[in-house]
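Novice: Here is how the chains run, residue by residue.
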Amino acid sequence: MFLAEVLGTVVSPVQHPVLAGEKLLLLRVLRPDGTPAGKTRIALDRAGAGVGERVLVIDEGNSGRQLVARENAPVKTVVVGVVDYVALEGALTYDSRTSAPGG
Amino acid sequence: MYLARVIGRVVATRRTSGLEGVALQWIQPLDEDGAPAGKALVACAAISSGPGDLVHYVDGREGALACPQPFVPVDAAILGFVEEAVARGRRIGAD
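Chains as they are written, first to last, in my numbering: chain A, 1 to 103; chain B, 104 to 198.
Same shape as in the complex, but just chain A (with noise of 0.2 Å):
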């Protein structure tokens, strides 16, 4: 599992039956301190999270497929928790509470 920004949503008309009805969000994948790493990643949500939130996301198909509750899903990466802080070696590097959205 990883930890994400929330920087957006994607909306998508057309696309596999299993997909239908999810909420997909636009992702930037974090390091520990906070700083970008990775390419940017759209996840299904299954947490309510929402624009600028610090995000736990897993991206492992079994835990997808478990998550839609559907055998052979092509799904894998999926938003599973809304950050309320991280500490790292003693020290917060993010508080949803003091952070400014997309901070």
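Keep in mind that the hints were calculated from the coordinates and are not lab data.
None of the values given here were measured: they were computed from a predicted structure.
Check before you lean on any hint, since a few could be wrong.
Stated by the list, open to error - Which bits of chain B does chain A cover? Going by a derived footprint, with three or more residues having C-beta under 8 Å, they are:
1) 107-113
2) 119-128
Stated by the list, open to error - According to the in silico footprint, chain A covers these stretches of chain B (three or more CB under 8 Å from chain A):
3) 135-146
4) 175-183
Ideal placement from N, C-alpha and C gives every residue a C-beta, glycine not left out.
Following the hints, complete the assembly by docking chain B onto the known chain A.
Specialist: Below, chain B alone, put in the same frame as chain A:
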């Protein structure tokens, strides 16, 4: 899953069994600014799409699961057509 733009198509009439009739597209992954990110790749298309379209795709084993037959040698598949993608209030790929 990732955001990409369809940049072309690939025609391969002779292919491994199980992949008959599956469309192959060249796609270029994009970052949150709509700029190319990493190498272009070939993906199977689970939906109808064509050059210029903004799409989302899945890589790895899940690519094969999006094909008509799930046990095929495929590592990327286009899952959906993207009508609108917004990052930090800005539309991606809005020309």
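Novice: A separate judgement is required for each hint: does it hold in the structure or not?
Specialist: Quick rundown of the hints versus the structure:
1. 107-113: It is violated: at least three residues are needed, and the segment 107-113 of chain B offers just 0 whose Cβ sits closer than 8 Å to chain A.
2. 119-128: violated (count 0)
3. 135-146: Coverage by chain A holds for the segment 135-146 of chain B (3 residues, Cβ < 8 Å).
4. 175-183: holds (count 3)
Hint compliance for this structure: hints 1, 2 are not met, and every other hint is.
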